[in-house]
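Peer 1: The primary structure of each chain is shown beneath.
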Amino acid sequence: MRNVATGIGLLGILLLLVGSYVGLFVAPPERHMGDVQRIMYVHVPTAWIGLLCSTFAMIFAVAYLWTGRNRWDDRLVGALEISVILGGLLLVQGMLWGRVTWGIWWTWDVRLTTSLIMFLLFAGVLALRSFVEEPLRRATWSSVATIIAYVDVPLVYFCVRWFRSLHQVQSSPETVHSSMIIPLRINAFAMLFIAIWLIAWRARIESKSRGAERPPERIEIQGAQNG
Amino acid sequence: MSTFQQTLFVARKDLLLGWRARTRTLAVALFGMVTLVLFSFAVAADGEVGVSAAAGFLIVALLLSSILSLEESFRLETEDRALEGLLLLPVDPVAIFYGKAIANFVLLVLLGPVLLPLTAIFFSLELDGANLLGMALLWLLAAAGIAAPGTLYASMTSRVTGRDVVLPLLLFPLTLPILMAGVRSFDLILRGDAMSQLKGWTLLLAAFDLVYWVLCGALFSRTLEE
Amino acid sequence: MAEGPAGVIIGGWPYVITAYSITAVALALNIARLAARERKADKNKESDSNG
Amino acid sequence: MTPSVITRSLGKRFGRKWALAHVDLEVAAGQGLLVVGDNGSGKTTLLRLLAGLLLPTLGEVEILGSSPQQPGSEARSHLSLVGHQGFLYEALTPLETLALWNRLGGRRKSVAELENLLAEAGLAADRDTRVSGFSSGMRKRLSLTRLHLENPRVVLLDEPFTALDQAGREWLLSTLSRLRADGAALIVASHDPQRAAPICDRAIRIERGQISWQGSLGDLESAS
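Protein sequences, first through last, are from chains A, B, C and D. With the working numbering, you'll find the first sequence wraps up at 212, consecutive numbering, no jumps. With the working numbering, you'll find the second sequence wraps up at 232, consecutive numbering, no jumps. With the working numbering, you'll find the third sequence wraps up at 118, consecutive numbering, no jumps. With the working numbering, you'll find the fourth sequence wraps up at 454, consecutive numbering, no jumps.
Check the hints yourself; a few may be wrong.
Within a straight-line C-alpha distance of at most 25 Å, the following computed DMTMM-like cross-link-like pairs (lysine to aspartate or glutamate) qualify [claimed, not checked]:
no., chain 1, residue 1, chain 2, residue 2
1, D, 339, B, 90
2, A, 193, C, 109
3, C, 110, A, 202
4, D, 247, A, 205
5, D, 247, C, 109
6, D, 339, B, 98
7, C, 112, A, 202
In silico negatives: residues of chain A with every beta carbon more than 10 Å from chain B [to be verified]:
no., residue
8, -5
9, 12
10, 87
11, 122
12, 173
13, 185
14, 192
Think of the hints as simulated: they come from the structure by calculation, not from any bench. Quantities reported herein were computed from a predicted structural model and do not represent experimental measurements. Even glycine gets a Cβ: it sits at the ideal position worked out from N, Cα and C.
Build out the structure end to end from the sequences listed, making use of the hints.
Peer 2: Here it is as structure tokens:
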């Protein structure tokens, strides 16, 4: 199991290198945005897989509350951490892209704002987790908080879209040309594999640090038996 | 005693406690007022700018005050582990959640009569019967949207060290839809609803409330497990 | 950012490289962090079985 | 007859530490069990598990044939726990506190009956004073009135004699012997075996989360 996960991870890293190489040096520059558009080959997969990981987190949270099995909590931490990391990366990449194409680091457009809120929501769950020592509490609380955060995301999305609709509609990137699809797909799979590997790894660490599954040896009871 | 009666009884208990500690409850309202004053100086909001900023200030003041109010509600429960005492009784935990959420909702609504007129004065809003009614309705919806997740999260954070940081950290991003819907609809009420969007925002707030009152009530009893 | 004749953005390579590097560094740091945590967990586990 | 309280290989882990392990207990109706042990040995954890405030990591608890974790179970409505904390709201008066427990617990005692309970506890004069003004002894008395209110069939007590004066201890002992005579099972964790002696028949000692000794109260003296 462990070797399978590591294998997937190594495959993911390899694919990421290949995909990024193709994206950076092989794919043609885009018509309007030129070379800057190459950020997309890492940006879009980050967004997809980040969203996927938070969906995993939601599923694991429900599974934990349903079954009460620790292994779901282990996976939940993994998924939460990866979705926060990818969420943070998404924001940084997006800001770099925005700086070049729009000339500004930040704009309160729907996707940016929703990504930011999502990042804050899941980072909040991790913060809550870090404050709770007791494992049973920590597991149920982070499951509950994950479910609520996840349910909040579509609401935030609709609100922001509506809220901002009066002001401006940000132009979305041009429809994607077929020669750009290949590096995009490679990197998406790469990110997916890396995410699965990291979730599995983090889950394994969490289950190790949980402590002995079995109680200490039974000691002999002194004195008279039930009288 | 049915779950419904238990709910009302818990809510009554919390409101009684709020009344007994009314100086503290008043202090929360005062805190809300202070934030309003701070905002008006932080953003030099006069005239037309003031009108458009007022709605935002009002909702943010509500959000900031809600943290104090929610923390207090659970400080009373954890001081001598009174909440545990209730859980030992044959009470449905759902009743405890909804009872406390209702009481917190009422306490937040009560901030309205303090903060709303003050905002009107500070930012020279034109209030009349019709738009007051609309604002009152929206205030109820906004307070409800904060009370349900706020009660759930405050019950968790009241039992950890570092609660002062965690509660706003969890609650503020979550209540962003309330902020946006509240701000936009207040603004529409005050400055005219040319494209009749008000109904949409109100429905969105109501949907948010519905989702959170159901979801948080369903999840609350699980957070009590230790 | 400079624009070419047809409105095409010229350059921007530093931004592209930064975006890729930050992604790579973040993933690498996370991998290093997990490795360190695993070592620590293994050590704790040993002390559990000895104690 | 099935015992009122049964635990089967009960274990509870907090973090990396097993606070309790391999606890097999049976306490029959009308029996009193004294639990002794050093601080941190697991006495309070045991009582909280029995009351259903904690979920067992391993094993199970059965109180009057059902699990105390289930809300609304038979176990919940027939057990009382008096712990280190009094479960009191500072801003309520004793009478309001009793009314709250009475109503939420689904019991239908009249106000007059509640006032009687307060008088028995020696709190009649303070019935309208808020709990925040109470001494620790008065708080203890108030939380002990729960036993009268609930007439439990399983009584769990964690250091019940602390903070009480001579009269208070006698009042508590008479309450407990009455409950025991009515068929309640008593489990008392105490550092003070002499004080609990009149209401207990058996004793166990807990060491680092496990039962290390069990026997009669008389033997406890010689064993330690």
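Peer 1: The structure should be examined with respect to each hint, and the outcome stated for every one.
Peer 2: Structure-based check of all given hints:
This hinted pair checks out: residue 339(D) and residue 90(B) have alpha carbons roughly 22 Å apart, not beyond 25 Å. This hinted pair checks out: residue 193(A) and residue 109(C) have alpha carbons roughly 7 Å apart, not beyond 25 Å. A hinted pair counts as satisfied when its Cα atoms are at most 25 Å apart, and residue 110(C) with residue 202(A) qualifies at roughly 21 Å. For the hint pairing residue 247(D) with residue 205(A), the CA-to-CA distance comes to about 20 Å; that is within 25 Å, so the pair holds.
At roughly 17 Å between alpha-carbon atoms, residue 247(D) and residue 109(C) fall within 25 Å of each other, so this suggested pair holds. Under the criterion of a C-alpha separation no larger than 25 Å, the hint pairing residue 339(D) with residue 98(B) is consistent with the structure, at around 20 Å. For the hint linking residue 112(C) to residue 202(A), the alpha-carbon distance of about 17 Å falls within 25 Å, and the restraint holds. In this structure residue -5(A) is separated from chain B by more than 10 Å, as the shortest Cβ-Cβ distance comes to about 36 Å.
Non-interface call for residue 12(A) relative to chain B: holds, since the shortest CB-CB distance, roughly 36 Å, exceeds 10 Å. The beta carbon of residue 87(A) sits about 23 Å from the closest Cβ of chain B, which is more than 10 Å, so the claim that it is off the interface holds. Taking the minimum C-beta to C-beta distance to chain B, about 6 Å, the non-interface status of residue 122(A) is violated against the 10 Å cut. For residue 173(A), the non-interface assignment is confirmed: its Cβ lies about 27 Å from the closest Cβ of chain B, beyond the 10 Å cut-off.
Taking the minimum C-beta to C-beta distance to chain B, about 26 Å, the non-interface status of residue 185(A) holds against the 10 Å cut. The beta carbon of residue 192(A) sits about 20 Å from the closest Cβ of chain B, which is more than 10 Å, so the claim that it is off the interface holds.
Hint 11 alone, counting from the list given before, is not met by this structure.
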